[in-house]
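Keeping their order, the protein sequence lines are chains E and B. Residue numbering for the first sequence follows the numbering used here, starting at 75 and increasing by one per position. Residue numbering for the second sequence follows the numbering used here, starting at 75 and increasing by one per position.
Worth flagging that the hints you see were computed from the coordinates, not collected in a lab.
Identical chains blur together in the list; that is why a pair holds if it fits in one copy or across any two.
Each computed SDA-like pair below joins lysine to any residue, with the alpha-carbon atoms no more than 25 Å apart:
id	residue 1	residue 2
1	Lys133	Ser453
2	Lys162	Ser312
3	Lys133	Leu446
4	Lys416	Tyr486
5	Lys416	Thr549
6	Lys162	Glu329
7	Lys361	Asp523
8	Lys162	Ala183
9	Lys133	Arg151
10	Lys162	Ile106
11	Lys361	Glu329
12	Lys133	Ser180
13	Lys361	Val526
None of the values given here were measured: they were computed from a predicted structure.
There are 2 protein chains.
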Amino acid sequence: MPGSAGASAVSELPTRLEVEDLQQSLDEVQEILAQLRPQDERGAAREPEELLLAKVRAKLDRLHPADIAVVLETLPRDERLVVWNLVKAERDGEILLELSDAVRESLIASMEPGELLAAAETLEADEIADLLPDLPEDVAQDVIRALPQEERERLRAALSYEEGTVGALMDFDQVTVREDVTLEAVTRYLRRLDELPGHTDQLFVLDRERRLRGIVPLARLIVSDLELEVSQVMSQESLQLHPEDGAEDAAQAFERYDLVSAPVVDHFGRLIGRLTVNSVVDHIREKSAQTQLAESGLQEEEDVFAPVWNSFRNRWAWLALNLVTAFIASRVIGAFEGSIEKLVALAALMPIVAGIGGNSGNQTITMIVRALALGQIQSEYWRRLLRKELGVAMLNGVAWGTLLGAVAYALYGNVSLGGVMALAMLLNLLLAAGMGVAIPYFRVRLGRDPAVGASVLITACTDSGGFFIFLGLATLFLL
Amino acid sequence: MPGSAGASAVSELPTRLEVEDLQQSLDEVQEILAQLRPQDERGAAREPEELLLAKVRAKLDRLHPADIAVVLETLPRDERLVVWNLVKAERDGEILLELSDAVRESLIASMEPGELLAAAETLEADEIADLLPDLPEDVAQDVIRALPQEERERLRAALSYEEGTVGALMDFDQVTVREDVTLEAVTRYLRRLDELPGHTDQLFVLDRERRLRGIVPLARLIVSDLELEVSQVMSQESLQLHPEDGAEDAAQAFERYDLVSAPVVDHFGRLIGRLTVNSVVDHIREKSAQTQLAESGLQEEEDVFAPVWNSFRNRWAWLALNLVTAFIASRVIGAFEGSIEKLVALAALMPIVAGIGGNSGNQTITMIVRALALGQIQSEYWRRLLRKELGVAMLNGVAWGTLLGAVAYALYGNVSLGGVMALAMLLNLLLAAGMGVAIPYFRVRLGRDPAVGASVLITACTDSGGFFIFLGLATLFLL
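Looking at chain E on its own, in the form it has when it is part of the complex:
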């Protein structure tokens, strides 16, 4: 091993990009921006503003559009606009595509119609389709009008598919060949293209009616004899997607079969586009972000530096919903005010029963919703699943119920109170398990997404249910 020799040779290595580089670029931009801020107290000498801005501009010019997007996302609104105005106009389009919706909106709002039109013109049809909903109506019309005929039709196609379908994620950058030509001819054709579109790992073989006959992986093209015809080397078996297929199904197929790209065909088998793994990755990330945000009650990805009012709008609906369920729980307690007045210990103990039920129910429902998303629960196994969850709840109920019964007895020296506590725990955990299975079961039967609102529903059941069970038992046995 040429240890030291190797080390000394590091500087001769080609320009490399490493994962830390982005953080470093970010820090450098931040540092220059910090110098731009009015420095009220310390009147430190600083470089003239133009020089500083020129420095930021030079840094930005060397960054990948996706990295500029990260820089923009990390800046508060005023500084974001300063940086945005330093970006070369011809890169605006690419960068807007990489931004989260909230930040994208804030930048679009700052741009003139002419600038927006110019930015859109640098993009391809499938990319414009992503951007169009965020553009002002008149600019959107101008963008569509400015497109050449073929692109306009593609744009129309891309816009016609709903979010969450393959059609909304596909692009039109496929490379196609005929089956009766030689690989030699294919190679000559590809050379004329000069550069292949990103993620071209296979060529699509079409007949005269544009129907997909097969695929030729680039890797096979390279290792095959150039005198062979396309029909001799193409694969006929491949995954074919339809534009109305669910994006999530397609993503699972990409994951299972380790795909880089897949053809998208219509119902006559005609090729209309392709789906690539980078769109799939974006989809997976976005989907997982949405789940995470929805679970804690944010309607959409929030710009961290959004004005207070925007944040309020993004969050109020969930709080209102929870207020309703909390109000119902409060009325359940209200019905037992007489009992609480007689035995005030109930007020202190009741949140424990409700809380543990909520946690346990959330565990059950999360596991089931995940298993459903992965297609792991076939219709004949629900009964078995319910039995298992009730079993776990029984075990939990006996364990924690006994413990808490003992604690309640220790605190208040009242054996019956301990018994009621233990029994209420057990019953509320059984309720949580039952509802944790029943809620997703019925949502699936009704054709709804079992994930939506799962946590609110189960918590509402276990809160109100927990208070009712505990206070009800106490009223029956203790008073």
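Chain E is fixed; fit chain B onto it per the hints.
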């Protein structure tokens, strides 16, 4: 458009795989298995067991290993073992790789050491590294011993990197070339390989010390003149990863730069492996699953059909933790029992104050934890963030506080009670916002993962805090 002509030609199209096909295969396997079950009451005539099993086997032989994994995950344990024994032994290894940990363990437990060894021998070093921790100690030793020298070293390398690093995800299937040969020679070399490894979108150019000099995208190899030398067409600028880089950083780089593969080099710039987009996709999925499970208190992915005892073990720690926080909240209430005894309405109203605080705090902390994961919060902006969150809380507090104050007044006809309710709401929402910013801030400062336990911590604060604020104010002003 040859509409009807196209439709009639559909049947002539090549064998296609569509996304619905998996569900159909699943249903077919399920159907045959259903016939295998003892049919106690209805003694319907059925085919002999061997014939049914042969049918399942024939179906399985036509499925992709990843699809067989899905079939296995959807079956209860007894039927899962029946199906597993029908799978051809030489496919065992690939299938085990595709399974979730819990299901994989259940199958490994059913296999003989000899079978396990045979299964492992069908895999490559990086795949064995994934499987090894689940194998019995003596089998693992045998597997390592049976490997050829080079593979054993790769295995050792793969095992030496921690989970969550690039080293743990990389494979060793890179295709490498020298820079001083012609593309003609490269093409001849590739043809001898017969088949290129999956996800080969670029060749890595090495010098004599195995240091990475550049990369040649396959797409460029195809469109270039074969008389050129590698050095004339290679790119020197490319993303280079180190095995100890974080998998999450690498995944973000793949996403941003739309990569299919990237070289992994050591600190002397020597190539040791490569990372491919399919490993990145798997990582992203797994990470998002973990987050989702952790948030609702499941320690790991659960086999839906796991025995009750296994599920209990997977869930108890979280319940115990929540029990502690619920107990603390209960003691806060206990301290005010005197007040509740005098004004029992407090018991009914207090969960509303605590609950809304918890929800609002979870919104804040989720947004911040996500923004931190995306690198959107630079250190100088925490103060600004806190101001914003306090602003949102103020708005929420005034809106919901007023509403709930009015409701409390309407219910109990007590103006002061309404006032206390409104004020307590406002204060608890401010507390939630403050802690929602402070908890991730301090966890980042201490070098901890801000996501872990975020929800428990904030809920603990807003529960105990909410009870304390509301009951405290009531004691001060109402009694």
